[in-house]
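Peer 1: In the order they appear, the protein sequences are chains A and B. Going by the working numbering, the first sequence opens with residue 1, and the numbers climb by one from there. Going by the working numbering, the second sequence opens with residue 1001, and the numbers climb by one from there.
Only true hints are included.
Computed from the model, here is a short list of chain A residues facing chain B with C-beta under 10 Å:
| hint | residue |
| --- | --- |
| 1 | His28 |
| 2 | Ala53 |
| 3 | Asp134 |
| 4 | Ala135 |
| 5 | Asn136 |
Partial chain B-side listing against chain A, Cβ under 7 Å, derived:
| hint | residue |
| --- | --- |
| 6 | Ser1147 |
| 7 | Val1150 |
| 8 | Ser1173 |
Cβ pair distances, simulated, as ranges:
| hint | chain 1 | residue 1 | chain 2 | residue 2 | range |
| --- | --- | --- | --- | --- | --- |
| 9 | A | Leu94 | B | Leu1013 | 58 to 64 Å |
| 10 | A | Thr155 | B | Thr1373 | 28 to 34 Å |
| 11 | A | Thr138 | B | Pro1347 | 25 to 31 Å |
| 12 | B | Val1317 | A | Leu102 | 58 to 64 Å |
No lab work stands behind these hints, which were simulated from the structure alone. All values derive from a computational prediction rather than experimental measurement. C-beta atoms are modelled at their ideal positions from N, C-alpha and C, and glycine is treated no differently.
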Amino acid sequence: MEFFVFVCAALMILVGAVGVIIRSHPVHAALSLVLTLFGVAVLFVAQDAHFLAAVQVIVYAGAIVVLFLFVIMLLGVDRVENLRTEPLTSQRPLAIIVSLGLIGVLVAAFVRGSDALHERGEGINIPDLTTGTDANTTQLAESIFSRYVVAFEVTSVLLVIAVVGTVLLARRTKTVVAENLK
Amino acid sequence: MIALDTLLIDKILWTPLLIVLLKVVVVFVIGLLATMLMVWFERKAIAGMQNRIGPNKTGPFGILQTLADGIKLFFKEDLIPNRADRFVFVLAPFLSFVPAFLAFAIIPLGGDFRNGNAGEVTWFGQVTKVQLADPPIGVLFALAISSIAVYGIMLAGWSSGSKYPLLGSVRASAQMVSYEAALGLSLASVLLISGTLSTSGIVSAQSRITDWHFFSTGILPFIIFLIAATAELNRPPFDLVEAEQELVGGFNTEYSSIRFALFYLAEFMNTVTMSALIVTLFFGGPQPIAFGDFVFDIPLIPNALEGTIWLLAKVLVFLYIYIWFRATLPRLRYDQLMDLGWKVLIPAALGWFMLLASQRLARQNDWNIFLVTTSAVVVMIGCYLLLQAAFSQSARQRETQGPMF
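Kindly produce the complete structure, drawing on both the sequences and the hints.
Peer 2: Right, dumping it as structure tokens:
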């Protein structure tokens, strides 16, 4: 049963991921991304991480990709991209080099760590704080709001900074607007 | 492992499997029937409020009108516009129809929750709950499903390849994403009081009328939830998605035949589900009305079945309230809608949640409750003044420099 669920979810993730890359239409690519995110959510459920699965769907599929689609629709870039013209001429050779390097690193990691894949490790040793239906939420809250509270708060500050920065960058002052009109 | 129903833990046997399948079919049929009756109820009630008669020809009191309309739509010609994105155009109605039915799965539809019972019933020698699924994430499942429901409307408008549906869907996505935040934040107050995410757990926590989360969270979260839910459902007065004076028919202008029927079905199904969710969260779901030791017990009927009757009665009240909204309230302007969501509901929900959390902490640690409340209120007033200062500053800037975007 677990294997069956894994295969289905993995297929969803892979088909979605490939779709994001090869679909030339932005909206279709975004929809493929949703498929991938759902596959990951299914894997989370299969690992008993119900809360993470819910958050995955609510935040990523429900808010972030919706915003992607919103921007695509609002800006009217929902036309098929012309791949003939290259905005950056050296892009393709550089991309090939980087991806080859990444594949090399991954293969090296697999070869080095192949022993660990055969036998089951101890994993990260997390003590079971609670059992029952809300164990997930309780454990997550315990670690976020006690042990990692500083990191958590700093991350939230980072997000606020990102929002403020985006607003500042997107904001056009009157003079810029006037120059554009000329 | 993956067991949303208590029956499916350990080995899977035939009887539990059949019970679960039966529950799936029953919940689906209940959903379809409820939608059919809701459409009829809405038309009849609105007709009454507007001094008309409403549907009265098909069946007794016109109750089969929806069925007749459904059959009519089914046999109509199905059009796909020339400029439509065919795949997405066909997919969109299902993306809005399927979530509408999925969300109904987590509502406790009955069962005995009195005296600390967990709402479990015994069918054919198997112990189960009168709800399709009781996942550990409970209410978050409903939130996840309602955030998925955006896709149906959004993609329908975009894939039609036409201007007005596109405008409708852009409005819809902005509106639904904004109000989801308020919905989630008002929900947080309920979860704080009940201490669990599971819907049956939330119902168990509300055995007396004073324990109903409507009272124990202090009414404000309920009001915010009701407004945000109405916006999330795109029902009047928040139906800017299909404002017919401005957008022809909104996101579903280009749809015809059975695809249009699916959107219609999803909309009413969502209304029923949301009413049931409100009842579950704030009014004790299948719990009977009880003060102290006194319980309004319906004689002769077993307690488990009584739960269903109570749920039905409470849901009907909210369905009527939604119809009432539609008949009496004028539609909001778009900027008013966004202002209400971001500047009023979200800060209010957040502030109230902080207040409840501080009360709870004070009670746990035996702090002076009066002092804690006063300081929390002072902090909230300070935040409110800061917020108002920011708003007035931005308004002044807009006046002197013109709109920035």
